[in-house]
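S.K.: The residues making up each chain are set out below.
2 protein chains.
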Amino acid sequence: MHVHTKPCDYDHNFLNMCEKRGKSSMKIVIPFKSENAKSRLSSVLTPDERRGLALCMLNDVIDATDGFDVDILTPSVLSGANIESRILLSELGLNEALNEYLRRHVEYVGGPVMIVMGDLPLVMNHHITEIALSDSDVVIAPGKGGGTNILCIKDPSRFRVDYYGTSFLDHLQIAHENDLTVGLYDSFAASTDIDEPDDLVELLLHGYGKAAHNMLTDLGFVVAVRNGRAQVERSGNVL
Amino acid sequence: MHVHTKPCDYDHNFLNMCEKRGKSSMKIVIPFKSENAKSRLSSVLTPDERRGLALCMLNDVIDATDGFDVDILTPSVLSGANIESRILLSELGLNEALNEYLRRHVEYVGGPVMIVMGDLPLVMNHHITEIALSDSDVVIAPGKGGGTNILCIKDPSRFRVDYYGTSFLDHLQIAHENDLTVGLYDSFAASTDIDEPDDLVELLLHGYGKAAHNMLTDLGFVVAVRNGRAQVERSGNVL
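First to last, the protein sequences are chains S and B.
With positions in the first sequence counted from 1, the corresponding number in the working numbering is that position plus 3.
With positions in the second sequence counted from 1, the corresponding number in the working numbering is that position plus 3.
Since the hints were made in silico from the structure, they are not lab data.
All values reported here derive from a predicted model rather than from experimental measurement.
Treat the hints with care, as some may be off.
Some chain S residues judged to face chain B by a derived CB distance under 7 Å, without partners named [stated by the list, open to error]: (1) GLY168; (2) GLY186; (3) ASP189; (4) ALA192; (5) SER194; (6) VAL204; (7) ASN230; (8) ALA233.
Covered by chain S, per the in silico footprint, the following chain B stretches (three or more residues, Cβ under 8 Å) [to be verified]: (9) 146 to 152; (10) 158 to 172; (11) 185 to 191; (12) 198 to 211; (13) 230 to 237.
Even for Gly, the Cβ is constructed at its ideal location relative to N, Cα and C.
The whole structure should be built from the sequences, with the hints applied where relevant.
M.R.: Structure, rendered in C-alpha cells:
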C-alpha cells in the first residue's frame, strides 16, 4: 500500500493522522473501487451510471459511519466524489491492501478496526455502533453467498483478512486458528450488498432516503412483479 | 378453512383448544404445503427430496417456536411428518386460508398472532421471542425480493394478509390504512427463505445443526466456489 502520487509520504501522514485520533478508538476502513465498478450490473446500467451508483453507495456507507474515524482504501483517485474521509490509495488487490493496512495500523496506532464494504447502502449508523460495541474478538456481518460484508477485528495483530469466495468460512477459520471469539451480526440490511440486478430490488424496497436509492429512482427504476417475483424495471422496460 | 376430514368439528375443536391456552398468549401459525413443495428446487432435488426438505424445514421452524402455541395450516395431511403441533387443514389459497384463520382467531380467542413461513430453517427461538416482545402493532421480518417471512399482528381484527408479489409493501400499506405502527425486524437469518438452488448455499453455510442442513449434507451437497461465487454442488457435480 502506498500513497499513489507521493509514496514516500505515506508513513509520515499515517502516523500524524493516527496520533490526532488517539489509540483506543475504533477505526473504520471502507475498501472502494470506482474503475469498472459493479461490472455485474452492466446489463442494466452504463459504466458512468455504475460508477455513480458506486459513489452514492459509498456516501451512504460513510453516512452510516457518522461519529467514527473513517479511511477509504481505494486503487484510484475518486474524482467527482464529495468525500471528507481520509483517502488512502493502494494499487494492491483487496486482500493485500487490507492486510497491509492492518499491519500499518497495528504498527502505528493499535486498537480495533472495522472493515465495511462500500456497497452496503442499507447499512445504518446503529448497525455500525452495535458491531463496534460487541465484546467478541471478531464480529462478522455475513453477506449473501458466503460473503463477509462487515468485519470487526478487536486486535488486528491477531487476524488477517481473506476476501473473495466463501470469505465467511475463511474468516471463521482464521479466527479459530488464532483462538479468537467470533460474534455473528445478524442483519438483513448488512447482508445486502449490491452486486447484481436482483439486488437493486432490495435497494428500491428498503433503501428509502438513501443516496443510492434516490439515484435509482431518478434513473426511472421501479419494482415490478413478474411471474410472482419482484424485479427491477426501468422506464417501463424489463431489464 | 375447515378440518378436511371432519368439517363440522372445526369450530368446536378450535374453541376447546383456544380455551386451554388463555387469551393473552401469542399464537403462532405456520402455513405449509407438502404437495409439489419447493418446485423451484426441481433442478437439484427429486419430488420426494423436495418434500423431505420441506418437512425438515418445517421441523426447524417448529423448533424455533419452542414455548409458543403453534398451529400448522396446510392444504393436505402431513403423512410421514412427526409433528406435535395442531394441524389445521384448509384447501383455500394462502391468503384466503390465513385471513380465515385470523377471522376465527379474533372470533374465538383474540390476542396476537405471528405468521411464520415454513421455509425459514435459519430462524432461531430468539428471533421469534424478540418479535413477540415488540411493542409495534405489526412487526415484519422481510424476506428477499419483497417478501414477508414473519408477520406479527397484535390485533388481527385490524389487519388482513396479502402474500405473494411484493407482500412487504402490501403489508406496510395495509398497516398504514389501519393506522397501525410497524416495526421492521432486521435479520439475515429471518430473511433467508429457501426457494431456489442459490438459497441452499445459505442453508449449508449458516444452518449447521438444523434438520434441513443435515438432510442436504446427507444428500451430498457441498458449497463450492466457481468464478468467485459460491454455489451448491452434489456428489461432485455442479447443479
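S.K.: With 7 Å as the cut and Cβ atoms as the points, is ALA192 of chain S at the interface with chain B?
M.R.: Because about 5 Å separates ALA192 of chain S from the closest Cβ in chain B, which is inside the 7 Å limit, the hint holds.
S.K.: Check whether three or more residues of the region 146 to 152 of chain B sit with their beta carbon closer than 8 Å to a beta carbon of chain S.
M.R.: Three-residue rule met by the region 146 to 152 of chain B, so holds; n is 3.
S.K.: Tell me if GLY168 of chain S is really an interface residue toward chain B, meaning its C-beta lies closer than 7 Å to one of theirs.
M.R.: holds, 4 Å
S.K.: For the hint on GLY186 of chain S, just tell me whether its beta-carbon gets within less than 7 Å of chain B.
M.R.: With Cβ-Cβ at 14 Å, over 7 Å, it is violated.
S.K.: Can you verify the interface hint for ASP189 of chain S: is its Cβ closer than 7 Å to any Cβ in chain B?
M.R.: holds, 5 Å
S.K.: For the restraint on ALA233 of chain S, tell me whether the closest CB of chain B is nearer than 7 Å.
M.R.: Interface hint status for ALA233 of chain S: holds (4 Å vs cutoff 7 Å).
S.K.: Tell me if the interface restraint on VAL204 of chain S is satisfied: Cβ within less than 7 Å of some Cβ in chain B.
M.R.: With a minimum Cβ separation of about 6 Å from chain B (threshold 7 Å), the hint on VAL204 of chain S holds.
S.K.: When I compare C-beta atoms, does the region 158 to 172 of chain B have three or more residues closer than 8 Å to chain S?
M.R.: holds (count 5)
S.K.: If you count the residues of the region 230 to 237 of chain B with a beta-carbon closer than 8 Å to a beta-carbon of chain S, do you get 3 or more?
M.R.: Coverage by chain S holds for the region 230 to 237 of chain B (3 residues, Cβ < 8 Å).
S.K.: Hey, does the SER194 of chain S contact hint survive, CB to chain B under 7 Å?
M.R.: Because about 4 Å separates SER194 of chain S from the closest Cβ in chain B, which is inside the 7 Å limit, the hint holds.
S.K.: At a threshold of 7 Å, is the proposed contact between ASN230 of chain S and chain B supported by beta-carbon distances?
M.R.: Violated, because the Cβ-Cβ distance from ASN230 of chain S to chain B comes to roughly 10 Å (cut-off 7 Å).
S.K.: Are at least 3 residues of the region 198 to 211 of chain B within less than 8 Å of chain S when you compare beta carbons?
M.R.: It holds: at least three residues are needed, and the region 198 to 211 of chain B offers 5 whose Cβ sits within less than 8 Å of chain S.
Of the numbered hints stated above, those contradicted by the structure are hints 2 and 7, listed in ascending order.
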